[in-house]
Amino acid sequence: MPPKATRGVLVQCDESIMAIIRKIDEGRNEFIIEDLDSGTCLVKEGKLAELKRRLKEQLKETVREAEDSESE
Amino acid sequence: MSSTLFDYLQQQPGMAYTRLYRQPSAVLAVLRRMLPHLAKTIVMALLYMPQPILESDLFAWIRPESQVELDESISTLKRLHIVQVVPEPAAPRAYKLSSSFASSLREALTGQGNHRSFGVPCTTRDPNRMTVEDLDGHARRRWEAILYYMVGSTGKGLGQADIISTGTKSLLEVGQFVTIRNERATITKEGFTFLLQEANAQVWSLLIVYLENALALHMEPVEMLSFLFMLGSLELGMDYSTASLTPTQMTMLDDLNNFGLVYRHADDQSRFYPTRLATTLTSDAGALLATSVKSTPSGPVTTAQAAGAGAGKGYIIVETNHRIYAYTSSLLQIAVLDLFARLKMRFPDMVAGKLTKESVQRAINLGITADQIISYLQTHAHPQMYKHAPPVLPPTVVDQIRLWQIQGDRMEANSGFLLANFSNFPEYEDVCRYAESLGVLVWKKDEKRCFFVTRIDQVKDYIAKRRLAAQKDVKSGQRVAPKAPGSVAGSSRT
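So the sequences go chain by chain: D and L.
Numbered per UniProt numbering, the first sequence spans residues 1 to 72.
Numbered per UniProt numbering, the second sequence spans residues 1 to 494.
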């Protein structure tokens, strides 16, 4: 049996973000092909943009970002 | 980059190669442009050889420490259907050049034959003869209009560029260099990668999209490709006859005129002039429009070479307080800066602004990466910036741009292939090391025996070769590697 090659996008991030990604993927399994470790997973090609968008939504709810001023 | 042309060629069926390689100009272009030097050497060695050469004889000729280059060369030559392995199945393995490639290359090198593959110069004199300067001007205007359209600045008050044809517009959209948002073109990540390339690579990127859409445009891809390869062999400043061209190639002339690769008089269908963009298509030194940069303020975005060359090319100064000063009056360059910087002042020969969190994240939202912004700033750094180099850019600014990306994005993503299910650890380790030596390895995890690569072809070849060698060992009963106690098959996954 030759080694298996799977096409996809390797996503590397820190554990807290990975936890959110897992939560987004939970149930419908739309994004993750393979969960590799606490900060790495393989995501379906073409699904990355949507994952990023969903992640951003989640973060907006959970994290209040410090407002950045454009002052000089 | 020629690698995209390589990817395109690789997807073609064997038949397409047979037809393409009938053209001596195409063969010469492939040799010139597509092959690593070692592969060229191998081709030249095999060119006049009447019999296939044994693999062992060929490899004896190459130093053992060049194994990686050798693998790459053989793999490239096989993929492009230039060498064939004979006999099939190979025992013992021997190589020969594919016959159509060999005979066309011999014709090209010795000037035999009655093919018209290197273009047919016009016999009649052109009453409105174009000079090299005219042609450079035409090429630059057309090509810049395309770039300017991509940065989406038309109608932004910066000024008006030439209008580009609807065909070109839809091509840019199909190639995903731009997306249309609210009826306006917006640049994408691919588009920005495109901008960062030097002109020759840009031209090829667009031409690949053009070729890939051939069937939708009712055109014949092989004819298009051989025409492009022919253009690469023409002489700048000469006019060529259209009499020997096929209908597909005549249609192409119109499109290539829009891209700025050729020039045609509106009222004279019998001749065309190749521009510098066309004549340098297949040369490996893509200097192209570089000469014109100095003479006009609105020179095209030339990159790569500008990095080290300094004088006259770099124009951006970045200060540690994130302020940027760009000494340019080129609308195109200003428009590019405007994608990721907040520009505040414009003077006749300079614009000033600042890199802000908002401006950088806006660019990142379009899909442009922090690394692309940094590499753009670095490539176009003003010579003044090199006085204290390295580093050319202030490290605080570079770090901050990256940080802004992480804040906006919070992840690093790479496209490619995950390799898993290796039967034993030595195989995993060896293949992984090979991938690393090729520079395609992104991530690995020893415990799971899996790793991630950005490109897979060569790695696949390597695995197959390794397995074949292992099988032989088993058959002949020699040196069967004793299985390490820990590496029982099937335990690779947890």
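Calculated directly from the structure, the hints in this document are not laboratory data.
Where hints are given, some of them may not hold.
BS3-like cross-link-like pairs, simulated, lysine-lysine; straight-line CA separation at most 30 Å [what the hints assert, rightly or not]: (1) Lys-23(D) to Lys-40(L); (2) Lys-47(D) to Lys-357(L); (3) Lys-52(D) to Lys-169(L).
Label-pair distances were calculated between CB atoms; the ranges are [what the hints assert, rightly or not]: (4) Arg-362(L) to Gly-39(D): 34 to 42 Å; (5) Pro-391(L) to Gln-58(D): 50 to 58 Å; (6) Gly-39(D) to Gly-439(L): 17 to 25 Å; (7) Met-1(D) to Tyr-386(L): 23 to 31 Å.
Stretch by stretch, here's where chain D covers chain L in the computed footprint (C-beta under 8 Å, at least three residues) [said to hold, decoys possible]: (8) 117-128; (9) 270-278.
Every value quoted in this text rests on a predicted model; they were computed, and no experiment measured them.
The beta-carbon is built from N, C-alpha and C at its ideal position, and this holds for glycine as well.
A quick look at each hint next to the structure:
Only pairs whose Cα atoms come within 30 Å are accepted, and Lys-23(D) paired with Lys-40(L) is rejected, the gap being roughly 53 Å. A distance of roughly 26 Å separates the Cα atoms of Lys-47(D) and Lys-357(L); the hinted pair therefore holds under the 30 Å criterion. Distance restraint check for Lys-52(D) and Lys-169(L): the Cα-Cα separation of roughly 28 Å lies within the 30 Å cut-off, and the hinted pair is therefore satisfied. For Arg-362(L) paired with Gly-39(D), a C-beta distance near 27 Å fails the hint of 34 to 42 Å.
Between Pro-391(L) and Gln-58(D) the C-beta distance comes to about 36 Å, which lies outside the given range of 50 to 58 Å. Taking the beta carbon of each, Gly-39(D) and Gly-439(L) are about 23 Å apart, inside 17 to 25 Å as hinted. Between Met-1(D) and Tyr-386(L) the Cβ separation comes to about 54 Å, which falls outside the hinted range of 23 to 31 Å. Chain D is given as covering the stretch 117-128 of chain L, and this is violated because 0 residues of the stretch bring a CB closer than 8 Å to a CB of that chain, at least three being needed.
Only residues whose beta carbon comes within less than 8 Å of a beta carbon in chain D count, and the stretch 270-278 of chain L has 0; fewer than three means the coverage is violated.
Hints 1, 4, 5, 7, 8 and 9 from the earlier list are contradicted by this structure; the remaining hints agree with it.
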